[in-house]
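Listed here are the chains, written in short residue letters.
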Amino acid sequence: MPSKKNEKNYRLIYAMLVICLLSLMFLSLFMGRYAVPPKAVVSILLDKILGITADCTAATVVWNIRMPRVLLCVMVGAGLSVAGASFQGIFQNPLVSPDILGVSAGAGFGAALGILLTSGGTGITTVLAFGFGLLSVLCAYTISKIKKMSSPVSLVLAGLIVGFFFNALISLVKLVADTDSQLPAITYWLMGSFANTTFAELAVVGPLIGGATVTLLLLRWRMNILSMGDEEAFSLGIHPRRLRFCIIALATVVTAASVMVSGIIGWVGLIIPNVCRMVVGADHKHLLPAAFFMGGIFLIIIDFIARVATVAEIPIGILTAIAGVPLFIYVYRYSGWGS
Amino acid sequence: MKVEVRNGHFSYSREEEILKGISFTLPSAQILTILGQNGIGKTTLLKCLLGILPWQQGQTLIDGEQMNYKKHMRRIGYVPQAYKFVFPYCVEDTVMMGLAGNIGLFSIPSRKDRQKVHQTLAEVGIAHLRKRLCSQLSGGQLQLVFMARGLVKDPELMILDEPESHLDYKNQIRVLKMLEKLAKERGISCIINTHYPEHALRISDLTLMQGRTASGEKTYICGPTAKIITEATIRSFFEVESKIITVEKDATTTFKALVVME
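Quick note, the sequences are listed as chains A and B, same order. The numbering used here puts the first residue of the first sequence at 1, with every later residue one more than the last. The numbering used here puts the first residue of the second sequence at 340, with every later residue one more than the last.
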């Protein structure tokens, strides 16, 4: 139960989250299969900032390989958590995840189709993934509108239908794909990975994820009102439908952009908001910023395990699920669900 | 704020119209109570009036002009029946939501908004619950929280759905007195659904009673409370035998009370 002293505690919580995130980012720069001492990392970073080009393996590893990966990882983790927290708020359900409207299945299909058509050409694959991600949510939205009295629940149901449909299409693509090259590529892509991230990729998704996430953060207090239900929101002076549509669009951009560069990474958007709700409370004013930092922290830890634990990288989607289950059980134990 | 409903019709299904040709006028700073049995359409009437449900025929007029959501909603406080919601917000955050119409799309509540909330909590008498989670409150306490949420935006019209039904005896009287005070001292018009004719007698200027005719048709009567709540109407609308008596409070003031005779 929050007490009076809690108001001051928010600052402490935010400070701890920021420090934790920054130190983990720094840690990931010098730890890994190719060891770079912390001092060297600092000097490489300073060199890069000052514009001095140092051509050694360590500099390439830190700046060209690890840096974009760390940045993308934080961005995707933070974005998915914020999108998840927003969806949970506007659908009034703490068990909703950002891909509930079928965006992951749609983007997965787009990517699989791209790999099938181009045998791995990244440009078209990325565009198709993003495009089909948006399209699937649009389909869900349209389907939910065929009933006269549609509610957030009908939107979730429509999302499930669209998700099933695109999953079937993914299976179809897998069936006709070349089993030697294309099928492994599709399978591996669907499991998610941050390997081989480049600054060029970052430049494409950065503005998409960043812009949409920041806008969601700005709308955070309004989500409190939407989470009370449509009738309540209406009587409180907020037009629920328009606002909900905007939030869905923004969260969908975040999720589709994440999936297009890193594949399907489940669980982050479902669990992190629930963990944060236990720490800072249900008020979206604090929940969203907390989810932002916590999502980044969670995914950076998971990605670190993905690249260090074994010689061949473990796809990150598998690890988030494995790490997510015990976390979820913990949240279930200490939350009010089902009681 | 003057409220007028003209020939309002509404039905959820084709079989039966739940509201049939409702009309009434509530002058500024007066209290209207709506009485009727469960399921007769009291809450539906409030929702149609607010625009949460659309009138299928007829309209709501505010100060003589057609009700406009953007223009009028921020001057209307709505207090729903107490219900549990999904996320456990604290009392302060819940009451803050009443200010939604005044807080910008991308903004969060300011210090001034917070002070306003504290002031309203004190007015309603629940300042001590400020940081409690709504999920831990009793139904009655939650009702007072919703009351504060309706009041926080300084409305000119309060619409309350059974505000006293979850409360204990002491708090029932407190809420009734508060509503009387709002109307008299701050000129706030009130529309109240209630199950208690004696509460209507005590505080309201006008009463609307919903019921059915002997053949099962929907009907209603509306007018000054003293004329509407009579032994005869209580008998025909509620099938209860009662007696209405006049009690002297002091030399100058009297009030009417209803005694059940069964």
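If you're looking for bench data, these hints aren't it; they were derived computationally from the structure. Among the clues, some could well be false.
Lysine-lysine pairs mimicking DSBU-like chemistry, simulated, CA-CA at most 35 Å apart [to be verified]:
(1) K423/B <-> K509/B
(2) K520/B <-> K582/B
(3) K582/B <-> K509/B
(4) K341/B <-> K148/A
(5) K147/A <-> K423/B
(6) K148/A <-> K410/B
(7) K509/B <-> K148/A
(8) K148/A <-> K423/B
(9) K423/B <-> K409/B
(10) K582/B <-> K595/B
(11) K470/B <-> K451/B
(12) K359/B <-> K148/A
(13) K285/A <-> K455/B
(14) K523/B <-> K410/B
(15) K341/B <-> K588/B
(16) K285/A <-> K451/B
(17) K455/B <-> K509/B
(18) K359/B <-> K588/B
(19) K557/B <-> K409/B
(20) K470/B <-> K145/A
(21) K470/B <-> K455/B
(22) K582/B <-> K409/B
(23) K557/B <-> K582/B
(24) K285/A <-> K410/B
(25) K145/A <-> K359/B
(26) K470/B <-> K516/B
(27) K285/A <-> K566/B
(28) K557/B <-> K148/A
(29) K410/B <-> K147/A
(30) K359/B <-> K470/B
(31) K409/B <-> K147/A
(32) K409/B <-> K145/A
(33) K557/B <-> K147/A
(34) K423/B <-> K285/A
(35) K359/B <-> K147/A
(36) K557/B <-> K285/A
(37) K145/A <-> K410/B
(38) K145/A <-> K423/B
(39) K451/B <-> K595/B
(40) K595/B <-> K410/B
Hints, one by one, checked against the model:
1. This hinted pair checks out: K423/B and K509/B have alpha carbons roughly 23 Å apart, not beyond 35 Å.
2. Taken as a hint, the K520/B and K582/B pair is honoured in the structure, with Cα atoms around 28 Å apart against an allowance of 35 Å.
3. The hinted pair formed by K582/B and K509/B meets the criterion: a straight-line CA distance of about 24 Å does not exceed 35 Å.
4. Distance restraint check for K341/B and K148/A: the Cα-Cα separation of roughly 33 Å lies within the 35 Å cut-off, and the hinted pair is therefore satisfied.
5. At most 35 Å may separate the alpha-carbon atoms for a hinted pair to count; K147/A and K423/B meet this at roughly 27 Å.
6. Between K148/A and K410/B the CA atoms are separated by roughly 27 Å; this keeps the pair inside 35 Å, and the hint holds.
7. Taking the CA atoms of K509/B and K148/A, the gap is about 45 Å. The hint is violated against a cut of 35 Å.
8. With a CA separation close to 27 Å, the supplied pair K148/A and K423/B stays within the 35 Å bound.
9. Under the criterion of a C-alpha separation no larger than 35 Å, the hint pairing K423/B with K409/B is consistent with the structure, at around 28 Å.
10. With a C-alpha separation of about 10 Å, the suggested pair K582/B and K595/B falls inside the 35 Å cut-off, and the hint holds.
11. Our distance criterion of 35 Å between C-alpha atoms is met by K470/B and K451/B, whose separation comes to about 18 Å.
12. With a CA separation close to 23 Å, the supplied pair K359/B and K148/A stays within the 35 Å bound.
13. Of the pairs offered as hints, the one joining K285/A and K455/B holds, with about 18 Å between alpha carbons and a cut-off of 35 Å not exceeded.
14. With a CA separation close to 24 Å, the supplied pair K523/B and K410/B stays within the 35 Å bound.
15. Pair hint K341/B plus K588/B holds up; C-alpha atoms about 31 Å apart against a cutoff of 35 Å.
16. Our distance criterion of 35 Å between C-alpha atoms is met by K285/A and K451/B, whose separation comes to about 17 Å.
17. Restraint check: the Cα-Cα separation between K455/B and K509/B comes to about 26 Å, which is no more than 35 Å; the hinted pair holds.
18. The straight-line distance between the Cα atoms of K359/B and K588/B is roughly 40 Å, outside the 35 Å bound, and the hint therefore fails.
19. Pair hint K557/B plus K409/B holds up; C-alpha atoms about 32 Å apart against a cutoff of 35 Å.
20. Proposed proximity of K470/B and K145/A is contradicted: the alpha carbons are some 40 Å apart, above 35 Å.
21. Only pairs whose Cα atoms come within 35 Å are accepted, and K470/B paired with K455/B is accepted, the gap being roughly 15 Å.
22. Our distance criterion of 35 Å between C-alpha atoms is broken by K582/B and K409/B, whose separation comes to about 45 Å.
23. A C-alpha spacing of about 25 Å is found between K557/B and K582/B, which places the hinted pair at or below 35 Å, so the restraint holds.
24. With a CA separation close to 27 Å, the supplied pair K285/A and K410/B stays within the 35 Å bound.
25. At roughly 29 Å between alpha-carbon atoms, K145/A and K359/B fall within 35 Å of each other, so this suggested pair holds.
26. Of the pairs offered as hints, the one joining K470/B and K516/B holds, with about 26 Å between alpha carbons and a cut-off of 35 Å not exceeded.
27. Restraint check for K285/A and K566/B: the C-alpha separation of about 51 Å exceeds 35 Å, so the hint is violated.
28. For the given pair, K557/B sits about 27 Å from K148/A by alpha-carbon distance, which is consistent with the 35 Å threshold.
29. The suggested pairing of K410/B with K147/A holds, with an alpha-carbon distance near 30 Å, which does not exceed 35 Å.
30. Of the pairs offered as hints, the one joining K359/B and K470/B is violated, with about 44 Å between alpha carbons and a cut-off of 35 Å exceeded.
31. The straight-line distance between the Cα atoms of K409/B and K147/A is roughly 27 Å, inside the 35 Å bound, and the hint therefore holds.
32. For the proposed pair K409/B and K145/A, the alpha carbon gap of about 25 Å is at most 35 Å, so the pair holds.
33. Of the supplied pair hints, the one linking K557/B and K147/A holds, its CA atoms being roughly 29 Å apart against a limit of 35 Å.
34. About 21 Å separates the Cα atoms of K423/B and K285/A, which keeps this hinted pair within 35 Å; it holds.
35. Under the criterion of a C-alpha separation no larger than 35 Å, the hint pairing K359/B with K147/A is consistent with the structure, at around 26 Å.
36. Between K557/B and K285/A, the direct Cα distance comes to roughly 47 Å. Violation of the 35 Å bound is thereby established for this hinted pair.
37. Taken as a hint, the K145/A and K410/B pair is honoured in the structure, with Cα atoms around 28 Å apart against an allowance of 35 Å.
38. The suggested pairing of K145/A with K423/B holds, with an alpha-carbon distance near 28 Å, which does not exceed 35 Å.
39. The hinted pair formed by K451/B and K595/B fails the criterion: a straight-line CA distance of about 43 Å is larger than 35 Å.
40. Only pairs whose Cα atoms come within 35 Å are accepted, and K595/B paired with K410/B is rejected, the gap being roughly 39 Å.
Comparing the model with each numbered hint stated earlier shows that hints 7, 18, 20, 22, 27, 30, 36, 39, 40 do not hold.
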